[in-house]
Amino acid sequence: MADQKPVGIVLVSHSAAVASSVAELARGLAGAGTDVPVAPAGGTADGGLGTSAELIAAAAAAVDRGAGVAVLTDLGSAVLTVKALLAEGDELPEDTRLVDAPFVEGAVAAVVTASTGADLAAVAAAASEAYTYRKA
Amino acid sequence: MLDADFFRRWMTATAASVEREAERLTALDSPIGDADHGSNLHRGFAAVRSVLEKEAPDTPGAVLVLAGRQLISTVGGASGPLYGTLLRRTGKALGDAAEVSDADLAAALRAGVDAVMTLGGAAPGDKTMIDALVPAVDALGRSFAAARTAAEEGALATTPLQARKGRASYLGERSIGHQDPGATSAALLVAALADTAEGSRG
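In order, the protein sequences belong to chains R and F. One rule links them: number in our numbering = place in the first sequence (from 1) + 12. One rule links them: number in our numbering = place in the second sequence (from 1) + 1018.
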């Protein structure tokens, strides 16, 4: 398991600050020394609020180690842009999956699970399962 | 028959129309959206116009696929992947024929609208671009002019609806009484198609 290639995680938010902060949070909670590649893709290419297909494609390429890429998004155009890119078929690494998960909790679950050497299906399942945790 | 140049002129006419109406689209997007629809689409279709000039795709399908891809890359809001998917799927449905008939276009556009409904999950009556596109595609079998009228009526008919998709849906009943910006821009796209067809035949 130890030398298995890790699943890459891409975090897509309308805000660059949100994407990079959630990436930092997830890495931090996964513990020191985690080698899971995590890349934020936040905001538009010119620094505004929105979604950039280029930033998403670049982030996915940057975290792809050959074990698949799990993409988590916040809402609206972030979801639709990733879906449209996946439908296109050639802008994202082959084994890229949009994960149906809450953004913050799902990102933490995905990074922690990926750090155990889990495969893409297990990482996606762990992130989705974060929906089931009730807070009140 | 409709050739690649017809589709390029349709996209150019849409770019001009969106540029002309950008402020109105953004104004419609202010009470129920995030006030960026006009500027986002303006940026997107301006990029479409320049990439079509630069790459000069030589089939109707290739024009729309390239235009759709460009919208997904440059718009930055939900209208990018939605319009991008509309044009790209329509283009793919047209295949690699050098010329297509009006009926081919009507069938392909229906496939494109279906793909938008799948992507965004919206149905007619949800106060979205679908409310202009579905009646337009239904009417396109009759004539381009009928499609234009149907799209414009569909856009106007979104005013009393309550939004059920996207950011506007968070407003609940407060979304009632505002014309949907996405349906309005969809009507511009269909009107540009009708203008282009009239220009070719008139």
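No wet-lab data here; the hints were simulated from the structure. Beta carbons: idealized from backbone N, C-alpha and C, even for Gly. Among the clues, some could well be false.
Here's a subset of chain F near chain R, in silico, CB distances under 10 angstroms, partners left out [said to hold, decoys possible]:
#, residue
1, Asn-1058
2, His-1060
3, Gly-1094
4, Ser-1097
5, Gly-1102
6, Arg-1107
7, Ser-1119
8, Asp-1120
9, Leu-1137
10, Gly-1184
Taking lysine to aspartate or glutamate pairs in the EDC-like style, the calculated list, with each CA pair at most 20 angstroms apart, reads [what the hints assert, rightly or not]:
#, chain 1, residue 1, chain 2, residue 2
11, F, Lys-1110, R, Glu-103
12, R, Lys-17, R, Glu-66
13, F, Lys-1183, R, Asp-112
14, R, Lys-17, R, Glu-100
15, F, Lys-1110, R, Glu-36
Violated hints, by number in ascending order, as checked against the structure: Failing hints, ascending: 2, 7, 8, 12, 14 and 15.
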